[in-house]
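Enquirer: Next come the chains, spelled out residue by residue.
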Amino acid sequence: MDPQLPITNVTETLLAMLPEIFLFCWALVVITIDVVSKRKSETLAGYLSMIGLLITGILLSFSTYGKGFGNMFFNDPMAAFFKIIFISAAFMAIGSSFGITKKKIVNHRGEFFGLILFSTVGMMFLSASREMISLYIGLELTTIPLFVLAAFFKDEKLSIESGIKYFVIGAFSSALLLYGMSFLYGLSGTTDLLSMRLNIAAFHLTFKQIGVVVLISNIMLVAGIGFKLALPPFHQWAPDVYEGAPTPVAAFLSVGSKAAGLVAFAKMFLLALPAFYGTEMFPNDWGMMVGFFAACSMIIGNVVAIRQTNIKRMLAYSSIAQAGYIMVGMLALNEHGLASVAFYMFAYLFANMGAFAAVALFEDKTGSCQIASYEGLSKTSPFFAVSFSIFLLSLVGIPPLGGFMAKYKVFAAAIAQASAHESGQWIYWLVGIGLLTSVFSLYYYANVIRQMYFSKNDSPYTMTYNPAILTVLIIGVLGVLAAGLFPEPVLEFAGQISNSFGF
Amino acid sequence: MGILSWLILVPLIGMVYVMLMPKEKVNLIRYGAVIISVIPMLLSFWLTWDYFFNYSGSAAMAYMEGPYEWIPSLNIQYLLGADGISVPMLFLTGLLSTISLIASFSIKFRVKEYFAFFLLLEAGMMGVFVALDFFLFYVFWEIMLVPMYFLIGVWGGPQKEYAAIKFFLYTLFGSIFMLVAILIMYFTSEPHTLNMLELIDHGPTLSHTLQMVCFIFFFIAFAIKVPVWPFHTWLPDAHVQAPTAVSVILAGVLLKMGTYAMLRINWPMFPKALQDLSFWIAVLGVIGIIYGALVSMAQKDLKKLVAYSSVSHMGYCMLALAAYSSVTAIAGVMFQMISHGLITGALFLMVGVLYDRAHTREIALFGGLGSKLPVYTALMLMFSMAALGLPGMSGFVSEFMIFIGAFGALNKVLVGIAVLGVVLGAAYMLRMFQNVFLGEFNMAKWGGLTEINGRELLTVIPLAILTLAIGIYPKPLTDLLQATLDNLVLLMSR
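Residue numbers (the numbering used here), protein chains in the order written: chain A, -10 to 492; chain B, 405 to 898.
No lab work stands behind these hints, which were simulated from the structure alone.
Careful, some of the hints might be misleading.
Claimed, not checked - Pairs of lysine-lysine residues, derived as BS3-like cross-links and limited to a Cα-Cα distance of at most 27 Å, are as follows:
1. B:Lys676 to B:Lys570
2. B:Lys429 to A:Lys445
3. A:Lys368 to B:Lys570
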């Protein structure tokens, strides 16, 4: 069905929302069943959540494109694509949580999984909105459960610290975001993003000079969303939060919440404000500003990651850097741009969730997050070492893994943008920085591989896998390989996103 | 599926086979890997034979496979083909891979992983020499880095970790330049394509600046691989730390990928940039020749000496590549690539043989080995003479062709300086030979050394035969190359 066609019938709108509604109810069911069963089973809540996500996925494949409730619910290819990413991220995060729900979170398993599901629902709503109010509500529904999740180890100082940090920063950034949105509302008189695009452009054309109002809202929006994406200079919270939060939550933050931020960014800037992209709109342009932040995040993320000894902090900086690469794709306002962002997210999903699953597994086994303690693992746990290495190499972008395809697509999109427009030459620099820093990134990713493989000693640990985490690792490896070798179906799907945004 | 696909696929099948074997069954893994690698070797022999008799008359690509759509939304195709410059490289890859695998029997720990990585490496090398789609080429180019990283890092010498990451970082650094150049080529062509054969026609139509940019970007990527001075510093580390068989592959095949890629991509695609820069390329080549030779002369470690001699020998290739207008010089490049692959591969094997027994490579510690190890010494003598370019060996033919070609096409003073490299080459090789094999024999220390054994002979004899064969009767190889090179020189002189 054409996504532009409005669904007038309320029942049909609700039907289109069925995956979200189902997942929301299922989260309540999971919590209830956990309580009713007196929290006896170690795995019941986890498996239930995973089944729920699978069912949501199936329901998703039946849901139709279309819009309802004004533009508040707008099911387009972008929504469908990112919903798949959110569901998979939640699935893999939950799959790698079985270790901590066995030992650490004994009394609140249902709540733990329920909150992840609630957050996923928020992300799904967010991706299916083309309207500021529902966008904001979706974003809040995404982050508020995550505050709780980050602080879930109630007895650990680091976890509490991480929860509070994330909460304060999150609240602050939401406020900035709202403030920026209010300016846009004032200029355009609408919360609907597509009408806003027309109204602001018309406003600009009528009055020629609208001062720096759009600039202020641009800064507010970039800062607000930048906090969610951990885009430098708004990244300081990320390493601390990742380090303190339970590892699966950190994984979910780094993929799910990041993807949600990207969706919000794409909706606000590519849907509502594409007219203010270029330098000819100075000072109201946002392209170069975002490009600057992307460059910062690639440089800071990759350089600082080299010095890390804790693997969760290392992955935190790596995810900061990866956000930079994605933003390069976002800055390409052509038919490849958004498609490359979506595809990058897809490849990143498998590699990063897989890497965090490996870290979670190792942490459950040994209690350590130090990179040095991975020494000699290839001899005692070859499957673990091989799959972890594949994830890390994919994050570097070594062909034929998914990460390479993704980087290729992103940089191709950026170069297409730069070569098509005279004023877009600065994007070449961005591409240069991106490629150069991706060489740096090899050093710290390979460092983990070095620990696992190059040591002459055997590791004192041997990994044992529960079925859930084994599934996650296998899905991760297969996903990374498939995204690298046979990406065509996904690329085609991702191409529809660009089309639905009018590129 | 055609023969070229099988060249890539068979080693991959071998890798899967090795991975499925239990790691205690060391012999099943070793012999299995060798037997499987014999298949691509025989295929590459047959390919050379068949190409020589049926296709060498024309410059057209033979054994084309595809283009098959691989990732249509990015115009990425699966496209393979071989011509006069790739067929000898495939021959070399097939031969040296099997030889190296046989030489790898001395690997004692983590055998399973070793052979699996090695076969993956072979698949990647084969792929580079047959890929005609830029993306495919890049994938193969990069895919090799991973097994190479592990092979050096796990089974290497004392400083293996440093050498492994240095190699990886250096090459990846070069590759990003190639990636940018590929993307520029892609987006400037209309309709967008990654097909190298079409882009060879597209390249000269680019603006002069863009040609220069693309040329330099590609050049950096390939020069690091060759390695051209000043990009060579990864090579001594990697060579010295790598296990013997890996050094053989590094010297024999990996370095050739750089020069091969220049001939395949850089040179015919951007003739204008080539004309502007050829003098400087020749300068880099000459610096490499002299510098490599001088540094070799100062080496105390046998393997390091051979490693630096590679820098010098690949310098000849660069010098000849700069003389692009002369078919003789370009043919000299091909001869030098092949003969360096054979000779230096053999030298590394020979050094490995000695190291396995003596556990040191310090030149000063040896002396008079000739009386104790006559067969080994004879072979070493032969390969040293081949390396310094004694007539009758392949090294002489290639250097002769290079100098004849370069003298006509390049600045005469420059070529004159380069000829000095031959003298220096003789100096360091003879000095090494004298110190290790002649003179007083230390019975107390080296009395226990044993003669080269049958397996080791099996690895070096084929190389010795080929070195002699090419040196004595190079005509079949020139015939094989002729048509392709004629066409190439035409393209480069556009």
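Enquirer: State for each hint whether it applies.
Expert: Tested hints:
no.: 1; hint: B:Lys676 to B:Lys570; verdict: violated (34 Å)
no.: 2; hint: B:Lys429 to A:Lys445; verdict: holds (21 Å)
no.: 3; hint: A:Lys368 to B:Lys570; verdict: holds (24 Å)
Violated hints amount to a single one, hint 1; each of the other numbered hints is respected by the structure.
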